[in-house]
Amino acid sequence: MTVENATAESGKSKWRFLLPLAAFLALAVLLGVGLGLNPREVPSPLVGKPAPHFELPQLHRADARFSQTDMRGKVWMLNVWASWCASCRDEHPVLVQLAKSGVMPIIGLNYKDKREDGIAWLARFGDPYALSAFDEKGKVGIDYGVYGVPETYVIDKAGVIRYKRIGIVTPQIVSQTILPLVSELNREK
Amino acid sequence: MALLLLVVALPAHAGEAASTAADVALEKRVMAISEELRCLVCQNQTIADSHAPLAIDLRNEVREKLAAGMGERDILDFMVARYGDFVLYRPPVKITTLLLWFGPPLLLLAGLWLFARTVLRRRASAPAPLSAVEQARARALLDSENGDRP
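So the sequence lines, in the order shown, correspond to chains A and B.
Following our numbering, the numbering of the first sequence begins with 1 at its first residue and continues without gaps.
Following our numbering, the numbering of the second sequence begins with 1 at its first residue and continues without gaps.
Do not rely on the hints blindly, as some may be mistaken.
[Said to hold, decoys possible] Derived CB-CB ranges, DEER-like:
#1 69(B) <-> 93(A): 42 to 50 Å
#2 25(B) <-> 27(A): 47 to 55 Å
#3 19(A) <-> 93(B): 50 to 58 Å
#4 139(A) <-> 93(B): 26 to 34 Å
#5 124(A) <-> 73(B): 44 to 52 Å
#6 27(A) <-> 117(B): 46 to 54 Å
#7 90(A) <-> 115(B): 51 to 59 Å
#8 72(A) <-> 24(B): 34 to 42 Å
[Said to hold, decoys possible] Straight-line distance between alpha carbons at most 27 Å, and here's what the computed DSS-like set of lysine-lysine pairs gives:
#9 114(A) <-> 49(A)
#10 139(A) <-> 100(A)
#11 49(A) <-> 28(B)
#12 94(B) <-> 164(A)
#13 137(A) <-> 65(B)
#14 14(A) <-> 65(B)
#15 94(B) <-> 139(A)
#16 94(B) <-> 49(A)
#17 28(B) <-> 137(A)
#18 189(A) <-> 157(A)
#19 74(A) <-> 157(A)
#20 74(A) <-> 14(A)
#21 137(A) <-> 112(A)
#22 164(A) <-> 14(A)
#23 112(A) <-> 65(B)
#24 100(A) <-> 189(A)
Hints are computed from structural coordinates only; laboratory data are not their basis.
Positions of the beta carbon are idealized from the N, C-alpha and C atoms, including for glycine.
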């Protein structure tokens, strides 16, 4: 290899040494984004679909029943909770606040709980729910794709799930996502 | 022999007591389907491996559905309708999963191509053999080095 040849080649690939650095940066960005993702936030296939049918006894009145069809024509929230669920306690004040504002009825789904525990829990921390359905075996939970309590659904007048949240509902989520959505849904026929 | 029996009996006992010896064949099918389903509570386990309450519930669900005569495909569809594709340990091939399925082989091919190119290039630009004078000089240098080595 002659001298001229060598300089020509190194001139052509003058920036070649930066390639590994560029590759490293690309990988770092990719992994960085990956770290920021929450693997628990699994996109739910239920959003946009009719809320699965169920009929359950109520928590406070074992003889009375509740079905999601009872809420036809209303925009409402379904909140899955349990007395054994620690995050539900963190979420609870937000729901109490939301219930006080009267934006929409909140129905509780008391998930895999003991009836007396659920009732005692609500007596202690306040009851934001218009009523709670009692899903002792967690069967309805399976139909709603519940895998981490609390989970929250916003259901429109036609009974279609329009929003699902896995994990606690924060004041930010209420003000930035849920309230705008609900006022939009209320305008729908 | 007793040990073998114990090993065979273990998986059936691991989950739930109600339905042990009842139907070994059914239990085998329950486990086969459970191996395909991700436990969403402990995301790197199948519901066959997991002892999370939800995994136990879902195994029971699979058992009930099998006993009711549903096929494996129907049961997997039932789970996907509720929990999404994520519940499948082998995600379906679609546009959004193309990279997932074909990314690693593509990377391997790219690596092989890069390797082959580098090797060929290096061979093509191998330095010319030494001239007689250079060889003599190299030998002289090597010989003089030899004496210094410990």
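Results of checking the hints against the structure:
1. 69(B) <-> 93(A): 42 to 50 Å: holds (48 Å)
2. 25(B) <-> 27(A): 47 to 55 Å: Given range 47 to 55 Å: holds, Cβ gap about 49 Å.
3. 19(A) <-> 93(B): 50 to 58 Å: With a Cβ separation near 32 Å, residue 19(A) and residue 93(B) fall outside 50 to 58 Å, so the hint is violated.
4. 139(A) <-> 93(B): 26 to 34 Å: holds (32 Å)
5. 124(A) <-> 73(B): 44 to 52 Å: Once the Cβ atoms are compared, 47 Å apart, the range 44 to 52 Å for residue 73(B) and residue 124(A) holds.
6. 27(A) <-> 117(B): 46 to 54 Å: This hint is violated: roughly 21 Å between Cβ atoms.
7. 90(A) <-> 115(B): 51 to 59 Å: Given a distance of about 53 Å, which is inside 51 to 59 Å, the answer is holds.
8. 72(A) <-> 24(B): 34 to 42 Å: violated (47 Å)
9. 114(A) <-> 49(A): violated (30 Å)
10. 139(A) <-> 100(A): violated (30 Å)
11. 49(A) <-> 28(B): Given that 27 Å is the threshold and the Cα spacing comes to 34 Å, the pair is violated.
12. 94(B) <-> 164(A): holds (24 Å)
13. 137(A) <-> 65(B): holds (16 Å)
14. 14(A) <-> 65(B): At roughly 65 Å apart (the allowed maximum being 27 Å), residue 65(B) and residue 14(A) break the hint.
15. 94(B) <-> 139(A): violated (30 Å)
16. 94(B) <-> 49(A): holds (21 Å)
17. 28(B) <-> 137(A): With Cα atoms ~24 Å apart, residue 28(B) and residue 137(A) stay inside 27 Å; holds.
18. 189(A) <-> 157(A): Holds, because 8 Å separates the two Cα atoms, which is no more than 27 Å.
19. 74(A) <-> 157(A): holds (5 Å)
20. 74(A) <-> 14(A): Given that 27 Å is the threshold and the Cα spacing comes to 67 Å, the pair is violated.
21. 137(A) <-> 112(A): holds (5 Å)
22. 164(A) <-> 14(A): Answer violated: residue 164(A) to residue 14(A) is near 53 Å, above 27 Å.
23. 112(A) <-> 65(B): holds (21 Å)
24. 100(A) <-> 189(A): holds (25 Å)
Violated hints, listed in ascending order, are 3, 6, 8, 9, 10, 11, 14, 15, 20, 22; each of the other numbered hints is respected by the structure.
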